[in-house]
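**Student:** Sequence:
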Amino acid sequence: MRTVRHHLLAAAGLTLATLALTACNDGTGTTDEGAAKPTASATASTTDKPAAEKPKTEKPAATPASDNTTKPSTAPSSAKDSAKDSAKEDNPTAYAFCNGSNTTTTAQPVSRPLNHMLLTVKNTGSKPCNLTYYPVLRFDGMQWAPRPVEASHPQAVVTLNPGESGYAGVLLSAADGSGDGGTTGRKLTVMFQAGTPNSDGGASAIPALPAKGVYYDSTLTPTYWQTTADDALSY
Numbered sequence: 000m001r002t003v004r005h006h007l008l009a010a011a012g013l014t015l016a017t018l019a020l021t022a023c024n025d026g027t028g029t030t031d032e033g034a035a036k037p038t039a040s041a042t043a044s045t046t047d048k049p050a051a052e053k054p055k056t057e058k059p060a061a062t063p064a065s066d067n068t069t070k071p072s073t074a075p076s077s078a079k080d081s082a083k084d085s086a087k088e089d090n091p092t093a094y095a096f097c098n099g100s101n102t103t104t105t106a107q108p109v110s111r112p113l114n115h116m117l118l119t120v121k122n123t124g125s126k127p128c129n130l131t132y133y134p135v136l137r138f139d140g141m142q143w144a145p146r147p148v149e150a151s152h153p154q155a156v157v158t159l160n161p162g163e164s165g166y167a168g169v170l171l172s173a174a175d176g177s178g179d180g181g182t183t184g185r186k187l188t189v190m191f192q193a194g195t196p197n198s199d200g201g202a203s204a205i206p207a208l209p210a211k212g213v214y215y216d217s218t219l220t221p222t223y224w225q226t227t228a229d230d231a232l233s234y
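Heads up: the sequence shown at position 61 corresponds to 60 in numbering that gives the first Met the number 0, and the numbers run straight through without jumps.
Quick caveat, the hints were computed from the structure, so don't treat them as lab data. Some hints could be false.
To be verified - List of simulated lysine-lysine pairs, DSSO-like, C-alpha gap at most 30 Å: (1) K211 to K121; (2) K211 to K186; (3) K186 to K121.
Claimed, not checked - Cβ pair distances, simulated, as ranges: (4) K211 to H152: 29 to 39 Å; (5) A150 to G176: 15 to 25 Å; (6) K126 to I205: 20 to 30 Å; (7) A155 to P112: 16 to 26 Å.
This one's a predicted model, so the numbers in the text were calculated from it and none came from an experiment. We put the beta carbon where it would ideally sit given N, CA and C, even for glycine.
Generate the whole structure from the sequences, applying the supplied hints.
**Tutor:** Structural data, given as structure tokens:
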């Protein structure tokens, strides 16, 4: 009985020793010494100073294409005005029309030719204007518009620079008395035309007439606008 107990105690002690040894080893026959220390190479890699970086050369910012193109300087307003005036000289149709707002009109009966009157239109504005076609005449409240002398049609539009004048001759009545409905006009309205025949050219003019008025009949006929008084009275 003692022998059996002795063997049991010995076996139990061996088992405890085995368990203790197992707890101290990692199962591979190597003693577990805790967390592994980093190897020399790993330590060196972490402690070595980083290699000096090459200095970065900053590239200059790209210059916008628009900066490489020289922008034209803004022309002074006087230069722009000169350019516009030059363009108009090349294209007279670009001028404004002469009318009662930029001109003054006079009506003067003349002794020669007989029964004629001279209309004079002077540009009082600061820019050239075109005196187109012929004057549309109306004495007092007459209801008809006199037709022009077609033979007097000029080859080009009459353009008046500031201070210049244009002219139209007006046959008032037939020298032989063949005209009808003769009467004395006390008020004359001169209407202007625009770029097409019988179009409205703007403000009309009312030139002063002699105190005794102006006699006219059904032969009342104006010429087209002319550049000289002699041309205007030659029809």
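**Student:** Are the hints correct? Go through all of them and say.
**Tutor:** Cross-check of the supplied hints:
no., hint, in the structure
1, K211 to K121, "holds, 25 Å"
2, K211 to K186, "holds, 11 Å"
3, K186 to K121, "holds, 20 Å"
4, K211 to H152: 29 to 39 Å, "holds, 33 Å"
5, A150 to G176: 15 to 25 Å, "holds, 23 Å"
6, K126 to I205: 20 to 30 Å, "holds, 23 Å"
7, A155 to P112: 16 to 26 Å, "holds, 25 Å"
Taken one by one, the earlier hints all hold for this structure without exception.
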